[in-house]
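Participant: Next come the chains, spelled out residue by residue.
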Amino acid sequence: MDIFLQQLANGLTIGSMFALVALGYTMVYGVMKLINFAHGDMVAASAFVGLTIYTQVLGQATSLGAVIAIFLLSAIAMACVGILLERLAYRPLRQAPRLSAVVSALGASLVIQNGIMLVWGPQMRIFPELVPQVYWDFGGVVISLIQVLILALSLILMVALYLFVEKTRMGAAIRASAIDQDAARLMGINVNNVIALIFVIGSSLGAVGGLFIGLYYRGITFNMGWQYGLYAFIAAILGGIGNIPGAMLGGMLLGLFQAFIAGYVSSTWADAFTFILLILILIVRPTGLLGERVAEKV
Amino acid sequence: MKNLERFGFPAFIIVMAILPNLLNSRWQAVAITFLIFTVVALSQDIILGKAGMFNMGQALFFGMGAYITAILNSHYGWPMLATIPVAIILPAIFGILLAGPIVHLRGDYLLVTTIGFNIVFVQVVQNNLGGITGGPNGIFGLDAINLFGMQLTSQLSVYYFAFAVLLLTLFVMRNLEKSKAGRALHYLREDQLAAESIGINTRIYKIFAFGLGAGIAGLAGTVFATQYAAVSPEAFEFIQSVLFFSIVLVGGSSIPGILLGVFVMFVLPEIFREFATWRFFIFGFAMILAMILRPRGIWPASFGKIPKFLIKESNHGA
Amino acid sequence: MAHNELILTNVTKRFGGLTAVDDLSFTVRDGQIYGIIGPNGAGKTTVFNCITGIYKSEEGSIKWRGEEIRGMTPYQIVDRGIVRTFQTIRLFSQMSVAENIMSGRHIKSKQNLFHGILHTPASRRDELDNWHKVEEQLEFFQLSEFAATPTGSLPYGVQRRVEMARAMAVDPTLLILDEPAAGLNDSETMGLLETIFKIRDKGVTVLLIEHDMDMVMEVTDYLTVINFGKKIAEGTPEEIQKNPAVIEAYLGSEDDDE
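Protein chains in written order, with this note's numbering: chain L, 1 to 298; chain V, 1 to 318; chain X, 1 to 258.
Next comes chain L alone, as it looks inside the complex (with noise of 0.2 Å):
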């Protein structure tokens, strides 16, 4: 009972990071069809520039201001490089076939991962330990401030995110351009906002997701975002590209599961057991978990 406990709160811990990061990759899918493969590189850029932030700006300050001056600059940059990666890599490539927008991404992935390499050097960095180490011990299951910290915040933006998409008027124009982009140009939305706009809220909440890993790993390296990336896109996946709370319920489940299979099986083994389970969801639900059929006209 104590495993399946601890597993449980590691689990909601790591399947609220994989959300965040996830909801970059389904809102970018939604509207544009598109996978941002580069997404899972800039959740990693945030967090080097996390680390920067605290120790070239605040001089390594580490109070509640430091910490949350830290989150909003490492979003605001990181939603400034979205803007500037859906300029440059896709928006000449609207027109162009489904896979060279792909492939342009993984070249932007590239880019921005050895760019961070450039930067901030090949070898690991420690993230700094905003965040004090106060642990609770319930009966052998230990739960730490951190994990808390991170599943109270992750639910408190994806409430917001889905409040904002479901009940506000840019809500409504983000929705409607997920269905057809066209209908919604001639309807007066302005699609290209709209596009921006997704950028900026899904880099931001990646950027978010990024310093949640940083606090919680504390190591981080240029290529971790390629990997962790793959991961929320498989959460994407498994909820139904494109669809939110997919995203959200992907992230969780596949935190989850890795959380288990960790705990109860082996590590080594998590990787092929994650995607097993992937493919038997697929061959049952073809479409994801909360996915939807998308019904051609002949």
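Some hints could be false.
What the hints assert, rightly or not - Simulated pairs of lysine to aspartate or glutamate, EDC-like, Cα-Cα distance not exceeding 16 Å:
no.	chain 1	residue 1	chain 2	residue 2
1	V	K312	X	E248
2	V	K178	X	D126
3	V	K308	X	E145
4	X	K230	X	E248
5	X	K110	X	D30
6	V	K312	X	D30
7	V	K312	X	D171
8	X	K133	X	E179
9	V	K178	X	D129
10	V	K305	X	E135
11	V	K308	X	E135
12	V	K308	X	D129
Simulated from the structure, these hints should not be mistaken for lab results.
Note that the coordinates shown come from a computational prediction; the quantities given were computed from them, not determined experimentally.
Use these hints to put chains V and X onto chain L, whose structure you have.
Facilitator: The following block gives chains V and X in isolation, referenced to the frame of chain L:
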């Protein structure tokens, strides 16, 4: 264009036949890998370029062929040449079996399952399942090819072996293009519903594409195992699949395109090895630029190769 | 007797809460040129999609030559001699006219998968035979000059001919045309008319959907009129023209005759 195709091909053959004699050892190795990667990329092209299926896991079949050769040779003492049929057929069968449950998936979902298969394979091999895959270090100390009593140990002989495999692959690709099956792949890629509605069993042909692509990639795996007399898991990781995927799209779904793609995506970075740290940073920009300038690849597929007796008077196709 | 007859009995197709085809029955006899007409959105294309296997109707039976084809996949139905064209042209636009027509020879070709890897004298013979069949269709539909041209770059009227040529290359027993005159001008429509008669003279039964009333009256032997998925009338063109329910359906809903 026609002249280029007519003379370009024999010229290419002659150049490649002479080439290794002009290169030093390091560049001979690069040339051998160029040949091997071209074969894998061609196999990837069958699935991705011709049949239009988002496959990002071709390194799986490449690795399977390599490991089959390695295991049969080092554990069971098979001569290297004898492993070739198995290294083609087993991956082909796997390709067919794996494709069966997934070919109906929509593009991006299919993409992710192929990535999954690749990653599962690498992890299985790394964890030394059954004790025969050698774990993270792989298997080494493989024999050289024994041809009619001659041991082909020199790098030059490995080159010509790889070259022969490439020629065989090009032969098969050409046969595919001028056949019912090859055309069926094009039709189902362009418009699956129309293809079904004109009588094509698209499912069978998609599975066929996977099986054929897997078999050819498996053969390339044997050549790889021969080149290094060893195999290891890292050579077949998902990132390699990304490379093969990119080669087909950057180069274009044609034979010249694939060759150019391998050159751009593999040989060029080798040439710029001195710029070690900046290499891939610049390369990423190059990929983005390549797609913006040539979205369908440097040398895309062309159609309209129909028998001459159908072409009347002055209207010529592409 | 397995006549070349298509018999629909009580066919019903629903999409969620919408009943697109409602208890529809009609029979197409060997050698007829049979028309399905009705106001826009009446469910005509849905009926065709049910016949050709793109949809599976919830209820009813669709029998071709005595065999139940409801539930079969599109390619299985082509294998039994039924081919269709689409309302929106669905050609392989990057490929040439000849290659498009060649796709129609797929089901008749005797090659198997192995011949995709290695040719044999038999497969080479098969290739040549089929390209000659393509040549026949190119001539019949006057497309010879466009043989090597990518279809996507051709005018609409020519593309329509290519689609029909592709369908005819299958050597069908029943040809199903979904609004073949859509987007054609008057002279092109006349040409289409002649073509349909020539096709029927070859022994092919034709089932078509059309909106162009003049053409329908000229070319069809028999009609079924559908509105809201239900049959409201059937008969010869002359009978249909006078049928009050039909007149009401057309005038009541919209004035859509050219």
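Participant: It remains to establish, for every hint, whether it holds in the given structure.
Facilitator: Structure-based check of each hint:
Only pairs whose Cα atoms come within 16 Å are accepted, and K312 of chain V paired with E248 of chain X is rejected, the gap being roughly 52 Å. Taking the CA atoms of K178 of chain V and D126 of chain X, the gap is about 11 Å. The hint holds against a cut of 16 Å. Distance hint between K308 of chain V and E145 of chain X is fulfilled; the C-alpha atoms sit about 13 Å from each other, no more than 16 Å. Distance restraint check for K230 of chain X and E248 of chain X: the Cα-Cα separation of roughly 14 Å lies within the 16 Å cut-off, and the hinted pair is therefore satisfied.
Proximity of K110 of chain X to D30 of chain X is assessed by CA-CA distance (about 28 Å); at most 16 Å being required, the pair is judged violated. Between the alpha carbons of K312 of chain V and D30 of chain X the distance comes to roughly 37 Å, so the proposed pair goes past 16 Å and is violated. Annotation: proposed proximity of K312 of chain V to D171 of chain X is violated, straight-line Cα distance about 24 Å (limit 16 Å). Distance restraint check for K133 of chain X and E179 of chain X: the Cα-Cα separation of roughly 26 Å exceeds the 16 Å cut-off, and the hinted pair is therefore not satisfied.
Taking the CA atoms of K178 of chain V and D129 of chain X, the gap is near 14 Å; set against the 16 Å cutoff, the hint holds. With a C-alpha separation of about 15 Å, the suggested pairing of K305 of chain V with E135 of chain X holds against the 16 Å cut-off. With a C-alpha separation of about 11 Å, the suggested pair K308 of chain V and E135 of chain X falls inside the 16 Å cut-off, and the hint holds. Restraint check for K308 of chain V and D129 of chain X: satisfied, since their Cα atoms lie roughly 14 Å apart, inside the 16 Å limit.
Violated hints for the displayed structure, listed by number in ascending order: 1, 5, 6, 7, 8.
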